[in-house]
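K.L.:
If you read the sequences in order, they're chains A and B. Each residue of the first sequence is one higher than the one before, counting from 1 in our numbering. Each residue of the second sequence is one higher than the one before, counting from 1 in our numbering.
Don't take every hint at face value.
If you only want the chain A side, here are some residues facing chain B, beta carbon under 8 Å, derived [what the hints assert, rightly or not]:
id	residue
1	Val17
2	Arg18
3	Ala22
4	Glu24
5	Thr26
6	Arg291
7	Leu294
8	Cys297
9	Met298
10	Arg302
11	Arg303
12	Arg307
13	Leu310
14	Asp391
15	Ala394
Computed far set for chain B versus chain A, every beta-carbon distance over 12 Å [said to hold, decoys possible]:
id	residue
16	Asp22
17	Gly31
18	Asp75
19	Arg77
20	Met105
Derived by calculation from the structure, the hints in this document are not laboratory data. Beta carbons are placed, not taken as given, at the ideal position from N, Cα and C, and that holds for glycine.
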Amino acid sequence: MTGGWRDTIRIASRLLVRDWRAGELTVLVSALLVAVTAMTGVAFLTDRVGQAVEMRAAESLAADLRIESAAAIDPAYETLAFENGLESARMTRMPSVVFAGEANSLAAVRAVTPGYPLRGELKTAERLLAAPSVTNDVPPPGEAWAAPRLMARLGVDTGVTLEVGAAQLKLTKVLDFRPDEGWSFVDLAPTLLINGADLESTQLVQPGSRVSYRLLLSGPRGAVRDAKPLLESRLAEGERLTDIEDSNPQIRSSMERSGRFLNLASMVSVLLAAVAVAMAARRYSQRHRDRIALMKCMGASRRLVFRSSLLQLALLAMAGSVVGAILGFMAQAGLAWLMRDLIGQALPMPGFQPAFLGAFTAISILAGFALPDLAQMGKTPPLRVLRQDLDPPALRYGITWLAGVAAVLILLLWIIRDTRLVLTIFLGAGITFVALGAAGWLLVRLLRGFRGAAGVAWRYGLSNIARRGRESVVQVVAFGLGLMVLLLLSTVRTELMETWRQSLPDNAPNQFLINIQPHETAAMAGFFESRGMETPDLVPLVRARMSTINGENVTQMTFEDPRGERWARRDSNLSWTEALQPDNRIVEGKIWSGLPARAEVSVEQDFGRELGLSLGDELGFNVAGETLTATVTSFRTVEWDSFSPNFFMVFSPGVLNDYPATYISSIYLPENQRDVVLDLMREFPSVTAIDLDAVLGQVRDVMDKAALAVQAVFVFTLLAGLTVLWAAVQATRDERRYESAMLRTFGASRRRVLGGVAVEFIAIGLLAGVLAAAGATLAGWLLAENLFELDYGFSAALWVAGPLAGVLLVGLSGLAATWRVVTHAPNSVLRAA
Amino acid sequence: MLRARQLGKQVTSPEGPLRILDDVGLDVRPGESVAIVGTSGAGKSTLLGLLAGLDEPSEGRVWLAGREVTALDEDGRAALRAENVGFVFQSFHLIASLTALENVMLPLELSGAENARDAALEAIRTVGLEPRKSHYPHQLSGGEKQRVAIARAFVVQPEVLFADEPTGNLDQRTGEKIVELLFNLNSEFGTTLLLVTHDLELASRCNRILFMEAGRIEREEETRSS
Numbered sequence: 001m002t003g004g005w006r007d008t009i010r011i012a013s014r015l016l017v018r019d020w021r022a023g024e025l026t027v028l029v030s031a032l033l034v035a036v037t038a039m040t041g042v043a044f045l046t047d048r049v050g051q052a053v054e055m056r057a058a059e060s061l062a063a064d065l066r067i068e069s070a071a072a073i074d075p076a077y078e079t080l081a082f083e084n085g086l087e088s089a090r091m092t093r094m095p096s097v098v099f100a101g102e103a104n105s106l107a108a109v110r111a112v113t114p115g116y117p118l119r120g121e122l123k124t125a126e127r128l129l130a131a132p133s134v135t136n137d138v139p140p141p142g143e144a145w146a147a148p149r150l151m152a153r154l155g156v157d158t159g160v161t162l163e164v165g166a167a168q169l170k171l172t173k174v175l176d177f178r179p180d181e182g183w184s185f186v187d188l189a190p191t192l193l194i195n196g197a198d199l200e201s202t203q204l205v206q207p208g209s210r211v212s213y214r215l216l217l218s219g220p221r222g223a224v225r226d227a228k229p230l231l232e233s234r235l236a237e238g239e240r241l242t243d244i245e246d247s248n249p250q251i252r253s254s255m256e257r258s259g260r261f262l263n264l265a266s267m268v269s270v271l272l273a274a275v276a277v278a279m280a281a282r283r284y285s286q287r288h289r290d291r292i293a294l295m296k297c298m299g300a301s302r303r304l305v306f307r308s309s310l311l312q313l314a315l316l317a318m319a320g321s322v323v324g325a326i327l328g329f330m331a332q333a334g335l336a337w338l339m340r341d342l343i344g345q346a347l348p349m350p351g352f353q354p355a356f357l358g359a360f361t362a363i364s365i366l367a368g369f370a371l372p373d374l375a376q377m378g379k380t381p382p383l384r385v386l387r388q389d390l391d392p393p394a395l396r397y398g399i400t401w402l403a404g405v406a407a408v409l410i411l412l413l414w415i416i417r418d419t420r421l422v423l424t425i426f427l428g429a430g431i432t433f434v435a436l437g438a439a440g441w442l443l444v445r446l447l448r449g450f451r452g453a454a455g456v457a458w459r460y461g462l463s464n465i466a467r468r469g470r471e472s473v474v475q476v477v478a479f480g481l482g483l484m485v486l487l488l489l490s491t492v493r494t495e496l497m498e499t500w501r502q503s504l505p506d507n508a509p510n511q512f513l514i515n516i517q518p519h520e521t522a523a524m525a526g527f528f529e530s531r532g533m534e535t536p537d538l539v540p541l542v543r544a545r546m547s548t549i550n551g552e553n554v555t556q557m558t559f560e561d562p563r564g565e566r567w568a569r570r571d572s573n574l575s576w577t578e579a580l581q582p583d584n585r586i587v588e589g590k591i592w593s594g595l596p597a598r599a600e601v602s603v604e605q606d607f608g609r610e611l612g613l614s615l616g617d618e619l620g621f622n623v624a625g626e627t628l629t630a631t632v633t634s635f636r637t638v639e640w641d642s643f644s645p646n647f648f649m650v651f652s653p654g655v656l657n658d659y660p661a662t663y664i665s666s667i668y669l670p671e672n673q674r675d676v677v678l679d680l681m682r683e684f685p686s687v688t689a690i691d692l693d694a695v696l697g698q699v700r701d702v703m704d705k706a707a708l709a710v711q712a713v714f715v716f717t718l719l720a721g722l723t724v725l726w727a728a729v730q731a732t733r734d735e736r737r738y739e740s741a742m743l744r745t746f747g748a749s750r751r752r753v754l755g756g757v758a759v760e761f762i763a764i765g766l767l768a769g770v771l772a773a774a775g776a777t778l779a780g781w782l783l784a785e786n787l788f789e790l791d792y793g794f795s796a797a798l799w800v801a802g803p804l805a806g807v808l809l810v811g812l813s814g815l816a817a818t819w820r821v822v823t824h825a826p827n828s829v830l831r832a833a
Numbered sequence: 001m002l003r004a005r006q007l008g009k010q011v012t013s014p015e016g017p018l019r020i021l022d023d024v025g026l027d028v029r030p031g032e033s034v035a036i037v038g039t040s041g042a043g044k045s046t047l048l049g050l051l052a053g054l055d056e057p058s059e060g061r062v063w064l065a066g067r068e069v070t071a072l073d074e075d076g077r078a079a080l081r082a083e084n085v086g087f088v089f090q091s092f093h094l095i096a097s098l099t100a101l102e103n104v105m106l107p108l109e110l111s112g113a114e115n116a117r118d119a120a121l122e123a124i125r126t127v128g129l130e131p132r133k134s135h136y137p138h139q140l141s142g143g144e145k146q147r148v149a150i151a152r153a154f155v156v157q158p159e160v161l162f163a164d165e166p167t168g169n170l171d172q173r174t175g176e177k178i179v180e181l182l183f184n185l186n187s188e189f190g191t192t193l194l195l196v197t198h199d200l201e202l203a204s205r206c207n208r209i210l211f212m213e214a215g216r217i218e219r220e221e222e223t224r225s226s
């Protein structure tokens, strides 16, 4: 007997081809393909949508990367960027009073070079109130474009000449929109956009003038990723590099949520497909024990048998990876095509990485869930050729499945890099598995009591479930799991997505009011009341600078996170409250009730982490020259995408009373009530209103795109759920067919056999359906509460849909699988056995 | 060609240890055909399994083709079988996912033979099944399945052929044809045959008959064929 690899490869590949031809591998290969297709399809689509979303998010920076400094930026950065395949543009920004004849107003003058904005588009109009259109240009030298607010303050329209510093520039267009408008407090003055070439003639850049320089960079994703650390390593004192990650917290928050939904979908698909692979591999190994015994009888060594199984798996993994990746690519292309109108822009092409992910998925699923069964199959004793009852030693499923789960866990942790999400899902899946198993066992046992209660079909069907005890439990678990995911997808998903979208309702605040003086608060309440509008919440704000953490001077501290460094060096906005707003959630510590004895502060979780804070830390602040200390008593998360006024640091009431405060607020004004703002400005001249519509639009757009992608991606999960159902039906198909043929042989009528099979499957389907509804309710609630931080309501529909879907899906598929038995002569089934 | 000394097999049953084979000794010469007969549970198949190295005895030794089977590990026994042994079983043991031809090719492929297909085709022709070579087992009758199994056993030209109730699943007429084929090929190749059966008429076609009862060889008879 030869045992070399060449012979093994020849034997393994031939047997595999023959198995494939005889239909022995259909379920296994399908399950594998679903896993790889789901993984690669999701990865391809996530990659493309992610790129599109990032590009959209990048618009709020007008670039992929931005270097900002109070001193002129070294041209060496541009050279470096150019060498790395990036485009660049410059913006120089300074406040200046602009004159139009006698009229004047403070403006934020922005001098830009051609190419600006690198991401997003400018919108301009020929004159005030005219329809804006997109432009790819910047103002030509000698011309200026002004924001409508500036033109309103100056009382001019296009065509006039403006004095900007020492230069005379012709106002040629209304600057209706620029993508990097943002809404930070520095962006208060309306914009005047001029050409960078005119900057010198304005003579605005003088020693001591408040100029800020920006270098904007953009390019292909890989180039941006590579260039970022290079640029970061060269940053000089006072220079700051920003990318989309730290640009807009609202968009970031939306992106994180959609990323979680997408990863959840692909993870659940892979886990389900793994279950299907395990079931298919088990059936394959059971059906092939005779072959192994025979091969050994003919002289095949254990090594040859094991290597041959290993090679077959490797070949399957290879074929599955390639075909799955192609299918995944086609599937995402199809989905992208279907969504083309909704996405509203051509998606960028995906990278190659998802194909490798597919290969890793195939290998880990096969190694984790199919190899143990196939290796066990190799231990079939040769004596089985004489004694059919001899099986290989029983597989310790606990250990092997643990190995399989570990393999997939490592894979997912590596891909998804969101430890909390992965562990939550795994823990959830584990608990679901055990709970389904325990409940299934209990229900199967309970069924024994009903055996004598009904007709022959019922007795036969129900006794089958009880007799097949373990297999029945496995089937109830598999069906239950498949159904649970289908239910989660069809109902919970829609509700989760709706809840998410509703977190930014149509009447989300679109105007931010700042700089409201304390003495104006009562009058402002009256202003809204007189217009029949609800008085908005006025939130106090005190400007301060953090001076110490636990008595140590922050300027002398080093922070692990560069963002922490930045936070410690800049002014902060502080506020106080008696009770937290609904979009804030305490994650650690406790919020005060009433008036605490000492000064307490609640810190936003990420902000706290970046500064390295923990509960009980003493924070010192410099407020208008005085020192204030407060103890960190809680950390909280903030839904930044709610667009309500929110703060990194909120104090207990009374602490900030003695310091100069202003108030801020946010209101929603429908399109037809915009004149309220004008009235408000007239009545309260010191108050500034910031229009958030543009930012809101960007966030809504990101949300819609992400939501669509998520919906589409759940199709894969659906497929994986159906594969589990299929594998579960196939698992006992041989035995069932044989038994039914036997019954037919003994004279049972076609109706009776079918009735028995139907009862068995319907009962299993019903059990699985009930368990699935319970599981889906619990899982939906856990997901909403813990992972997505949304409030989730109980759904009665689940309890109808679950059992009904179970009875229909499982009953019908079970009947379909055994149909041949009653439509063909029993002999053909018995002979094939 | 085949020798056993003090061969015994004990298994554990719910009622305690059970001896299913006790102190069996035998010698089979090259080219000889020997039948083992006995009632169900007499230990015939257990003996066949031990002689072919498919199982390990509790005590005693077995030699096959000059090598001690009982001194070899499982892979060693497999290698020995690959070189010297062919099998025909009562329930045919054809692989359901392979065609008739592929079933015959399998032992040749396992031994790394170069011309597996041609040799298997020749063997299929010898048993008269060429027209059905591409059929799967479930498309063949019982007699046809056993003919495929015989072709598979002889295609590697084994020195020893073990046959376990080769006609047990066949009707009388088909059984007779199969027996005819088996013995013809046996004499053509000069194969040593060890046949397990409870059919005395079939046994009488062998050179010798060993009668088994309760795990022991009770007596031995030379037949007219010897």
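K.L.:
Does each hint fit the structure? Answer for all of them.
P.N.:
Status of the hints after comparison with the structure:
Of the supplied interface hints, the one on A/Val17 is violated, with its beta-carbon coming no nearer than about 10 Å to a beta-carbon of chain B, more than 8 Å. Taken as an interface hint, A/Arg18 checks out: its beta carbon lies about 6 Å from the nearest beta carbon of chain B, inside 8 Å. For A/Ala22, the shortest C-beta to C-beta distance to chain B is roughly 4 Å, which falls under 8 Å, so the interface hint holds. Interface hint status for A/Glu24: upheld, as the beta-carbon distance to the closest one in chain B is roughly 5 Å, under 8 Å.
At about 12 Å, the closest approach between the beta carbon of A/Thr26 and any beta carbon in chain B exceeds 8 Å, and the interface hint on this residue is violated. Below 8 Å, beta-carbon pairs count as interface contacts, and A/Arg291 has one with chain B at about 5 Å; its hint therefore holds. Interface restraint check for A/Leu294: the shortest CB-CB distance to chain B comes to about 5 Å, inside 8 Å, so the restraint holds. Interface restraint check for A/Cys297: the shortest CB-CB distance to chain B comes to about 6 Å, inside 8 Å, so the restraint holds.
Against a cut-off of 8 Å between C-beta atoms, the interface hint on A/Met298 holds, since the closest Cβ of chain B lies about 4 Å away. With its C-beta approaching chain B no nearer than about 6 Å, A/Arg302 sits inside the 8 Å limit, and its interface hint holds. Using the Cβ-Cβ criterion of 8 Å, the hint placing A/Arg303 at the interface with chain B is satisfied: the shortest such distance is roughly 7 Å. With a least beta-carbon distance of about 12 Å to chain B, the hint placing A/Arg307 at the interface is violated under the 8 Å criterion.
Among the interface hints, the one on A/Leu310 is violated; its C-beta lies about 17 Å from the nearest C-beta in chain B, farther than the 8 Å criterion. Hint on A/Asp391 is violated. Least Cβ distance to chain B is approximately 15 Å, over the 8 Å limit. For A/Ala394, the shortest C-beta to C-beta distance to chain B is roughly 17 Å, which exceeds 8 Å, and the interface hint is violated. The claim that B/Asp22 is not at the interface with chain A holds, since no C-beta of that chain comes within 12 Å of its own (minimum 19 Å).
The claim that B/Gly31 is not at the interface with chain A holds, since no C-beta of that chain comes within 12 Å of its own (minimum 22 Å). The Cβ of B/Asp75 does not lie farther than 12 Å from every Cβ of chain A; its closest approach is about 4 Å, which violates its non-interface assignment. For B/Arg77, the requirement that its beta carbon stay farther than 12 Å from each beta carbon of chain A is not met, with the minimum near 8 Å. Once the 12 Å rule is applied to beta carbons, B/Met105 is inconsistent with being away from chain A; the minimum gap is 9 Å.
Comparing the model with each earlier hint shows violations of hints 1, 5, 12, 13, 14, 15, 18, 19, 20; every other hint is respected.
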